[in-house]
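Chemist: Got chain A; can you put chain B on it based on the hints?
If you read the sequences in order, they're chains A and B.
Under numbering that gives the first Met the number 0, think of the first position of the first sequence as 0, with each following residue one higher.
Under numbering that gives the first Met the number 0, think of the first position of the second sequence as 0, with each following residue one higher.
Heads up, some of the hints might be wrong.
Pulled a few chain A residues facing chain B out of the computed Cβ check, cut under 8 Å [unchecked claim]:
(1) Ile28
(2) Glu30
(3) Trp33
(4) Asp72
(5) Thr195
(6) Ser199
It is worth saying that the hints were derived from the structure and are not from the lab.
For every residue, glycine included, the Cβ atom is placed at its ideal position computed from N, Cα and C.
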Amino acid sequence: MFSRFFLILLFASAYHASALACENKLVCIEEGNWSVGVAFGAGVRTNPLVDGDAIPLIILPDVAWYGEHAYFDNGEFGYQWQPNQDLTTEVFLRVNTERAYFSFWQPSNVFLLTNSVDSVSTPRPGEDIQGPSRYISVNDIARRDWSLDAGFRTNWFNGRDRWSFTLSHDALSVHKGFSATGRYQHDFKWQDWVLTAHFSVTYKSSNLVDYYYGIKQRDTEDKTLWYSAGSTLQFSGGLLFIRPINQQWHWLGRTQISSLGSGMTNSPLVSKRFVANIFFGVGYRF
Amino acid sequence: MRIFLLAIPLLLHFPIYAKDKNSARFSAYPNECITAQKGEICILPITLTYPEMSSREHCLHINNRLLGCWLPDKLPTDLSIELYADSTLTLMSEDENKAPFVTLKVKYRQASTHRRRVRNPWSLF
Chain A
0 MFSRFFLILL FASAYHASAL ACENKLVCIE EGNWSVGVAF GAGVRTNPLV DGDAIPLIIL
60 PDVAWYGEHA YFDNGEFGYQ WQPNQDLTTE VFLRVNTERA YFSFWQPSNV FLLTNSVDSV
120 STPRPGEDIQ GPSRYISVND IARRDWSLDA GFRTNWFNGR DRWSFTLSHD ALSVHKGFSA
180 TGRYQHDFKW QDWVLTAHFS VTYKSSNLVD YYYGIKQRDT EDKTLWYSAG STLQFSGGLL
240 FIRPINQQWH WLGRTQISSL GSGMTNSPLV SKRFVANIFF GVGYRF
Chain B
0 MRIFLLAIPL LLHFPIYAKD KNSARFSAYP NECITAQKGE ICILPITLTY PEMSSREHCL
60 HINNRLLGCW LPDKLPTDLS IELYADSTLT LMSEDENKAP FVTLKVKYRQ ASTHRRRVRN
120 PWSLF
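For reference, chain A alone in the conformation it holds in the complex (with noise of 0.2 Å):
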């Protein structure tokens, strides 16, 4: 289904990419030049899984490159037309990050230089936990495997706000599941900072969140923790502000929470609601 609509996609539109007047340093950036960063500071993305290894942040890197219509930025490789002035639309392809949470040796680690942090440790009788009763530990339970998202996304530009909606599908048939997002940003300035806030709302169907977060005779014998997950809808809200230093360094917040849904919440396996993503540093950008 997804091949013909990338199909019908690319046939359909001859635009060239978004070459909107972009003058936002926070969001923009020059057609044909790379723009690499790195940035120093302190964060953590924690991890709902019992016994799952929160992910320190110490050093973030960001890289991206847009051409006339291919890009890459941040680990998505896509492909961009501008139907009209207000619209744009890309199919991509990108790493699916829900694997991350099972192994503190994930991409985002080459980066980190110091062990894992605040791990969620497996509940001792009479803790009180946000999860259900019945839990096992992430070390405890089969291997999950990457898996690579291929989808289509579609942004609607007026003035500061963008509204989008994204549609992703397991493109290496390791959960055959799929997912769908409504998000919406907001990019505003106050006194010398730059900001960026952002809500969305994901579905993800009952395939993709049973693979990871459903327990099955693979992971354990004990009958009493087989669980088959639903679908599920997370809600996520966050803020990315930046204040320039000079023309290289800034300084660089972000944080952001989600909520991860009962198909997810009722899973054995997790002991969070929420995933909580934070970071303060500094950026340079070369």
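Modeler: Below, chain B alone, put in the same frame as chain A:
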């Protein structure tokens, strides 16, 4: 508002000749028009050189749009053409199968177009 910019002849560029095997060729000079940025109309004054032709009327077409028909000795040598994108100027006549053409290119001075990023910066993890 339509911003018209003068075409800037590129002195280092030689005219592009028509893909015709005649000894004298259909050519236009200059064949490149430079404008500030995409979406703007580029006005290109060109000088045309013609091959040997029959005495019948010949017509000039820009992207299959008829500009006009003239007898060989009345064909315009200087034209000013509005370009929206790369275009093809074709010399056609009823009695000749071959239709020599030249390609007129549009370039943009503001090559460093800024685009809005799909993802926010620092959003890898």
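Chemist: Should the interface hint for Ile28/A be scored as holding, given a Cβ-Cβ cut-off of 8 Å against chain B?
Modeler: holds, 5 Å
Chemist: For the hint on Ser199/A, does the least C-beta distance to chain B fall short of 8 Å?
Modeler: Since chain B brings no Cβ nearer than about 12 Å to Ser199/A, farther than 8 Å, the hint is violated.
Chemist: Regarding the hint that Thr195/A lies at the interface with chain B, is the smallest CB-CB distance below 8 Å?
Modeler: Constraint on Thr195/A satisfied, holds at 6 Å.
Chemist: Classify the hint on Glu30/A as holds or violated, based on whether any CB of chain B lies nearer than 8 Å to its CB.
Modeler: holds, 4 Å
Chemist: Let me know if the C-beta of Trp33/A comes in closer than 8 Å to any C-beta of chain B, holds or violated.
Modeler: violated, 13 Å
Chemist: When the nearest CB of chain B is found for Asp72/A, is that gap smaller than 8 Å?
Modeler: The hint holds - Asp72/A has a Cβ within 8 Å of chain B, the shortest such distance being about 5 Å.
Hint violations for this structure: numbers 3, 6, all remaining hints satisfied.
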